[in-house]
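A.B. asks: Spelled out from the first residue to the last, the chains are:
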Amino acid sequence: MVDPARRFRGVFSAFPFPPEEGTARLRNAALFVVLFGLAAYAAADTQVSVSALVQGFPYMGRLFVAFFSPDFTDIARYAPALVETIQMAVAGTLIGSLLALGYAFLAARNFVSRRGTLWATRGFMNLVRTIPDLLFAALFVAVFGIGALSGILALVFFSFGIVAKLTSETIEAADMGPAEALYAAGATPTVTAAYAVLPQILPQYLSYVLYVFEINVRVSTVLGLVGAGGIGVPLKAALNLLQYDRASAILLLVFVAVLLIEWTSQYLRRRLTEGGPPAVSSRPLGVLRRFRAPLAFFVVAAALTWSFLGIDLNTKGFSVGLRMAGRIFSGIFHPEWSYVPELLVALWESVEIAYLGTLLAAVLALPFGFWAARNVVPAPLAAGTKVFLSAVRTFPELMLAIIFMVGVGPGAYAGILAIGVHSVGMLAKLYGEAVEAMDMGPAEALRAAGANELGVFRWAIFPQVLPEFLSYAIYRFEINMRAATVVGVVGAGGIGAPLLFALQSHAWPRVGIILLGIVLLVSLTDALSGAVRRRLI
Amino acid sequence: MGTPSSREPLVVFDRVRKVYPTGAVGLDDVSVAIYPGEFVAIVGLSGAGKTTFLRAVNRLIEISSGEIFFAGRSVTRATPAELRRMRRDIGMVFQNFNLVKRLTVLQNVLAGRVGYHPTWRVLLGLFPKEDVAIAMKALERVQLADKAYVRADQLSGGQQQRIAVARALAQEPRLILADEPVASLDPVTAEVIMDDLRRINRELGITVLVNLHFVDLARRYADRILGLRAGKVVFDGPVSQATDEVFEFIYGRPLTREDMRTGEVAARG
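Residue numbers (the working numbering), protein chains in the order written: chain A, 276 to 812; chain B, 401 to 669.
If you are wondering where the hints come from, they were derived from the structure by calculation, not from laboratory data. Warning: the hint list may mix true and false statements.
[What the hints assert, rightly or not] Capping the alpha-carbon separation at 16 Å, the derived lysine to aspartate or glutamate pairs in EDC-like fashion look like this: (1) B:Lys501 with A:Glu743; (2) B:Lys537 with B:Glu572; (3) B:Lys501 with A:Asp714; (4) B:Lys501 with A:Glu719; (5) A:Lys661 with A:Glu711; (6) A:Lys440 with A:Asp801; (7) A:Lys661 with A:Glu537; (8) A:Lys661 with A:Glu708; (9) B:Lys632 with B:Asp429.
[Stated by the list, open to error] Cβ-Cβ distance ranges computed for the label pairs, FRET-style: (10) B:Asp546 with A:Pro474: 50 to 60 Å; (11) B:Pro480 with A:Leu656: 16 to 26 Å; (12) B:Ala424 with A:Tyr458: 57 to 67 Å; (13) B:Gly557 with A:Ser388: 40 to 50 Å; (14) B:Ala424 with A:Pro653: 19 to 29 Å; (15) B:Val425 with A:Val662: 35 to 45 Å; (16) B:Gly557 with A:Pro653: 31 to 41 Å; (17) B:Gly637 with A:Leu656: 43 to 53 Å.
Bear in mind that the values here come from a model prediction, so they are computed numbers and not experimental data. Glycine included, C-beta positions come from ideal geometry on N, C-alpha and C.
For reference, chain A alone in the conformation it holds in the complex (with noise of 0.2 Å):
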């Protein structure tokens, strides 16, 4: 046996890791100074600063006492918009969904087998999702003018990408056995899928439909900010004109609205996903049973009927539109590439913005992880972090970026703020259940072994949870990325703003190019994130 202490000699005498380690340390080492020399960088190209924040809490501070005191006079005007946000979302999510159960199976690799169809129905698949819910809108607003319609077809698109992915993924996870016995008795594959793998997907395909209703109803509140109907056509009215307290007002409508839908959507979710104890069997409800499919099928076309009721989806403006989509596709197939300096400059802002916003939301998080978590603090604590930061999530990024530029001023600094803070919400969630699924062995014997509270968080807790950590706050810059693309578009920095202006002015062209970087800039983001993540857990 080596001498031990022998072989911890030189600079890394004092640390746990045998001297060939030493090289993967310098790595790791070399890669925080690099993310932090960028921190740093990019902080100060955004005009990041302290002080300006400070100087803007007076500003703030009359907006938040605004509103704190909410003016409910008028919330009766206020109601059919509300109404008319979750029609849209309604219709948003059952037609979206609807068209991705059928498009899920052309793209799942257990059901076609032809590389090139797969590839194409993938990547157009792919493509959708990587263009944020209000670029879309604000892309049907050009074509079809402001109203609901567009906000639908934003929605429409927006839902279509997520559940067609998820459910295709399920479908490629699904039990072949009886397809491979409905094959061998001569049916053709659509009746293969509608038979043998349908019912098994179906429990996760409902539940993928109820998550995305959750987020278009949080999404559909804002879209209105872009013109694309809604309560936030009202809200954006209030704000314009300085007055807070409506604005207050209809935020706390539009939050009672969506924590009541999402309460519902989540119970539903957990039932159908657990399976859950079947219906009580008494007679009526047997017969319900019975009549299920039918049932179905009027529950679906009622909602629908209902959610296009009152929506004024004039037909004029549709023929319009169409004409003005065949322009907005010539525009894109020739791009203006003499643009491309000033798209990189204005994308790199947009990247900018997503990386100082998640680093933000990634510190803050710590936090509040822990206090959300209930086997590290009191019970009471826990939940109340969680409510807490169930709230911080019901505030739309674009909400957050106008209170944050009333504060800085506009720019990247409210964007990076906005996203930070509206992140943390989710990211704390995340670290408070990694923290609840953790090992409390290990903390039990350092405390045994005499660690105080901050050596059993440094050698017992931090190592079980730090890649969890990474991985999320990773995770969270993809997503930080699409967001960052979009709070330009009330003046938070980044492409946003060029992209509106282009598509105001119709400079379809330049619009093209915009999308073009929008799109390979998303889409590289997400690849390098997901191999980053892959090696991390």
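Model the placement of chain B on the given structure of chain A, informed by the hints.
C.D. replies: Relative to the frame of chain A, chain B by itself:
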């Protein structure tokens, strides 16, 4: 080892009671003294209070009444800082090993040294060279020095438990508490762990208090048997006196195959 009465006891339980919030009685008026260098097995059915007894020693469990002393000082009335200082001198081995699986073996063993250093050093992970030497020596004692830089989750259950023993050793403790250390291991591995504990006891003079469910292991390794039933000490004596009848008295029923690690009931006599 000298006669117990001639030496200062290392651990003293003075009329200790533990009643859980549910009303369950963990320890019922327990008064016991453990002497330096002893290898004591605590036996009894599950729920008899074995785990409560062990965890009361280093105050992982707060007792309801009575007082516990370690090396002449009150554990029960110790301040948090004093308690940490005492815990540093008491190593503990758990049924589920309680290693951080994503850290290396050496890092896990070094974690046993955290009680010796100021917080900033612990947070930065700056363990002095002597600590690394102590940790390596502890690993050598369980014959796993060659695994020092392997991640803990790469090892078998038995190897992980030996790492946990090395972590306890790295504390340079006066006492090692082992809570069902072999309950999740196969019979052969169980003996390796018990052999390690016995060697530590004999060669380093570290007192060992171990909870055991199995009659044959308790008989083979311990000097002294402490029998618990419903929170009461119903037997306390040298292993030579712990006959099958005594075990049946402690367990309150005839011995079965399940009471033996090897699965065989020893011949009576």
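A.B. asks: Checked against the structure, which of the hints given earlier come out wrong?
C.D. replies: When the structure is compared with the hints, none of them turns out to be violated.
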